[in-house]
Amino acid sequence: MDPDRALVEAAAAGNRDAFDELVRRHQAAMITLARVLTGGREDAEDVAQEVFVRAWKSLRRFRGDSTFRTWLHRIAINVVRTSQARRVKLFRLFAPAGRESGGADHERGTGEEAMDAVLARRQAIDRALAALPEDLRVAVTLRDLQGLEYAEIAAALGVPIGTVESRIFRARQRLKPLLQPLIENR
Amino acid sequence: MTDTGHSTPAPRQPAPDSRDHDDQKLVAELLASLPAPEVSADFLARINARIDAEARGGWLVLADFRAWTLGLAPAAAALALVAVLWPASASRTATSSTASATPTSRQTSFAPSSQSDWQRDVTGDALLDAALRSAKTNGHAR
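If you're matching them up, the sequences are chains D and P in order.
Numbering-wise, the first sequence is residues 1031 to 1216 according to my numbering.
Numbering-wise, the second sequence is residues -16 to 125 according to my numbering.
Worth flagging that the hints you see were computed from the coordinates, not collected in a lab.
Treat the numbers as computed from the prediction; the structure is a model and nothing was measured.
Even for Gly, the Cβ is constructed at its ideal location relative to N, Cα and C.
Take these hints with a grain of salt, some might be off.
Stated by the list, open to error - Reference listing, derived: stretches of chain P covered by chain D, where coverage requires no fewer than 3 residues with Cβ under 8 Å from a Cβ of chain D:
#1 1 to 14
#2 33 to 40
#3 59 to 73
To be verified - Per label pair, the in silico range of CB-to-CB distance:
#4 P/G40 with D/A1150: 44 to 50 Å
#5 D/E1039 with P/D3: 42 to 48 Å
#6 D/D1165 with P/A24: 33 to 39 Å
#7 D/S1088 with P/S16: 32 to 38 Å
Given these sequences and hints, build the entire structure.
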């Protein structure tokens, strides 16, 4: 049973208060997802807003085949992928020859350890996640940060559940050495 | 929420040993311990503003160049037509005015009398004299 179902039905009928409540319920998850999927290159709140605006526009076409949360995550993944494709095109158009995209942005901020511990930990985790290939990063983010069930992740990504499990397993294997300092300090 | 019984990760491939399992659990717990991000106070308001703007067909519609460029197509076509036709007619006018501005030898030869024709203080005799002198000069020239 989808816990958002009643709100989704009301929002689909045009009830803005119901939609506001859906935004409140899922805003933190969407911002976290946007931050991880973009590798911190874009304003996570802007991406999350785009997700909710698209959700509002498509709400009447939402048939309830999956939970609202799964559907929202699927929209978020599409928004980020579209945005990244646009960024790659722009980069190829305007970047100086010989410079490759990716990776460099994640190195920013390594000297910002003076900030508080929570922020430093978040940055370390973000950097570790950013080092993963996209398919592994998305899967482990949806599972461990967003708390989605395996079947929900499979539905959001459109892949078999076995693939989801394998990706999450490999992602955690790769993350372990990158997060070792944080694990030891816990 | 769909409960599939997979809340505890149980990868099908590859088969983990107990150390792998512990590592998996440690990483999962660390990631899950990440606190939720702070959300701007106006986050919801900004979403509503965007939805309202799109519903009204506000300035975001103007940002869609496809909408207004199609509307401007007739004006653009008219401007293109003017751009093609104007230089042709302008050069024709310029040619004719240049031609009229170029004096012929005949006009030049009558210039003294023409000039004197328009002077109030020229006497009749002087005018006749100038005309005869001009005619005489032309006769020599032929």
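Hint check results:
Evaluation of the coverage hint for the stretch 1 to 14 of chain P: fulfilled, as 8 residues show C-beta separations to chain D shorter than 8 Å, against a requirement of three. By the rule of at least three residues with a Cβ nearer than 8 Å to a Cβ of chain D, the coverage given for the stretch 33 to 40 of chain P holds, with 3 such residues. Chain D is given as covering the stretch 59 to 73 of chain P, and this is violated because 0 residues of the stretch bring a CB closer than 8 Å to a CB of that chain, at least three being needed. Checked against the hint of 44 to 50 Å, the C-beta distance between P/G40 and D/A1150 comes to roughly 46 Å, which is consistent with it.
Between D/E1039 and P/D3 the C-beta distance comes to about 44 Å, which sits within the given range of 42 to 48 Å. At about 35 Å, the beta-carbon gap between D/D1165 and P/A24 stays in the expected band of 33 to 39 Å. For D/S1088 and P/S16, the Cβ-Cβ distance of about 33 Å falls inside the hinted range of 32 to 38 Å, so the restraint holds.
Violated hint: 3 only; the structure is consistent with all others.
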